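Student: Sequences and hints are given; from them, build the entire structure.
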Amino acid sequence: MVNPAGAPPPPGPRWVPGAGSQGCPWATVLLDSRVVNGQDAAPYSWPWQVSGQGYERDGTFRHTCGGTLIAPDWVMTAAHCISSSLTYEVVLGEYDMGAREGSEQRIPVAPADIFVHPKWRSSCVACGNDIALLKLQRLAVLNTQVQVGQLPPAGTVLPDGYPCYLSGWGRLATGGPLPERLQQALLPVVSYERCTQPDWWGTLAIRRTMICAGGAEKAGCNGDSGGPLNCQAADGHWEVHGIASFVSGLGCNAPKKPTVFTRVSAFEDWIAEGANGPGCWGAGLPGCRSARVLEC
Numbered sequence: 243m244v245n246p247a248g249a250p251p252p253p254g255p256r257w258v259p260g261a262g263s264q265g266c267p268w269a270t271v272l273l274d275s276r277v278v279n280g281q282d283a284a285p286y287s288w289p290w291q292v293s294g295q296g297y298e299r300d301g302t303f304r305h306t307c308g309g310t311l312i313a314p315d316w317v318m319t320a321a322h323c324i325s326s327s328l329t330y331e332v333v334l335g336e337y338d339m340g341a342r343e344g345s346e347q348r349i350p351v352a353p354a355d356i357f358v359h360p361k362w363r364s365s366c367v368a369c370g371n372d373i374a375l376l377k378l379q380r381l382a383v384l385n386t387q388v389q390v391g392q393l394p395p396a397g398t399v400l401p402d403g404y405p406c407y408l409s410g411w412g413r414l415a416t417g418g419p420l421p422e423r424l425q426q427a428l429l430p431v432v433s434y435e436r437c438t439q440p441d442w443w444g445t446l447a448i449r450r451t452m453i454c455a456g457g458a459e460k461a462g463c464n465g466d467s468g469g470p471l472n473c474q475a476a477d478g479h480w481e482v483h484g485i486a487s488f489v490s491g492l493g494c495n496a497p498k499k500p501t502v503f504t505r506v507s508a509f510e511d512w513i514a515e516g517a518n519g520p521g522c523w524g525a526g527l528p529g530c531r532s533a534r535v536l537e538c
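Letter by letter, the sequence shown follows residues 243 to 538 in the numbering used here.
It should be emphasised that the hints constitute simulated quantities derived from the structure, not laboratory data. Worth double-checking, as some hints may not be accurate.
[Claimed, not checked] Beta-carbon label-pair distances, calculated as ranges: (1) Ser433 - Ala514: 25 to 33 Å; (2) Asp355 - Thr445: 19 to 27 Å; (3) Thr386 - Arg363: 33 to 41 Å; (4) Ala352 - Arg304: 15 to 23 Å; (5) Asp300 - Asp477: 43 to 51 Å; (6) Arg299 - Ala475: 19 to 27 Å; (7) Pro285 - His479: 29 to 37 Å; (8) Gly478 - Arg299: 43 to 51 Å; (9) Asp355 - Thr302: 30 to 38 Å.
A quick note: this is a predicted structure, and the numbers were derived from the prediction, not measured. Ideal Cβ placement from N, Cα and C applies to all residues, glycine included.
Tutor: What follows is the structure, encoded as structure tokens:
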């Protein structure tokens, strides 16, 4: 990964006790489990990073997508990660998938507790709404390796060039091997105005409910589907601004085709409604917030 002015990347966020979450075009391809040109993250430096794992025919669970722990019993990921044919569990406190480190927490997810955004269309990835919530069957134990990720204020839009980090388990180079340790890659934000220019992604592929980040001039390209785009706020704390969604069908690091993320701040009403209880969606129950679901 190329770093600004040759400086090393930050080691990731510091753990703060008690931190919480207060706060379709033909040229698109869903992300696979890659962070191209990434580098090893410091152990447990992204403590809200989740490995979503699906049950395979050989009787084992395997990593399928990334995700973010947004409450002790809720995980946020991409809608396109969800398959009705798989049984899921999430792994928290994971760093090196090739070793048993003792920090891992494996928590199952019941099929009835998987909630995909109602306007998600698998036939039109670029229509947006690529977001899903998973209700865990038990509470995560929060510690130095497992923490809840903070979400940005609703409606937040980061400026062009804002430095963010994608994290996930991914390839060090296109076509290279999958590393076992968590990777991170610097992906500066590309503004909506620049990303929708005709020689970039254009307006057919990009919605205002998305974030473009990275590009050919930067090291990062593909990342874990569903994984977080981590951005540091002015006061030093880290926020999860994006959910890894899709890249160009032209290939990794295609010129003027940055990685595209679901913009979390565009869906915070829907997220909050779900976190208040699965029955809140459209039920109008006491204590449930009404969601403002953004149109495609």
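Student: Each hint should be assessed against the structure and marked as holding or not.
Tutor: Results of checking the hints against the structure:
| no. | hint | in the structure |
| --- | --- | --- |
| 1 | Ser433 - Ala514: 25 to 33 Å | 27 Å, holds |
| 2 | Asp355 - Thr445: 19 to 27 Å | 36 Å, violated |
| 3 | Thr386 - Arg363: 33 to 41 Å | 40 Å, holds |
| 4 | Ala352 - Arg304: 15 to 23 Å | 19 Å, holds |
| 5 | Asp300 - Asp477: 43 to 51 Å | 47 Å, holds |
| 6 | Arg299 - Ala475: 19 to 27 Å | 44 Å, violated |
| 7 | Pro285 - His479: 29 to 37 Å | 20 Å, violated |
| 8 | Gly478 - Arg299: 43 to 51 Å | 46 Å, holds |
| 9 | Asp355 - Thr302: 30 to 38 Å | 22 Å, violated |
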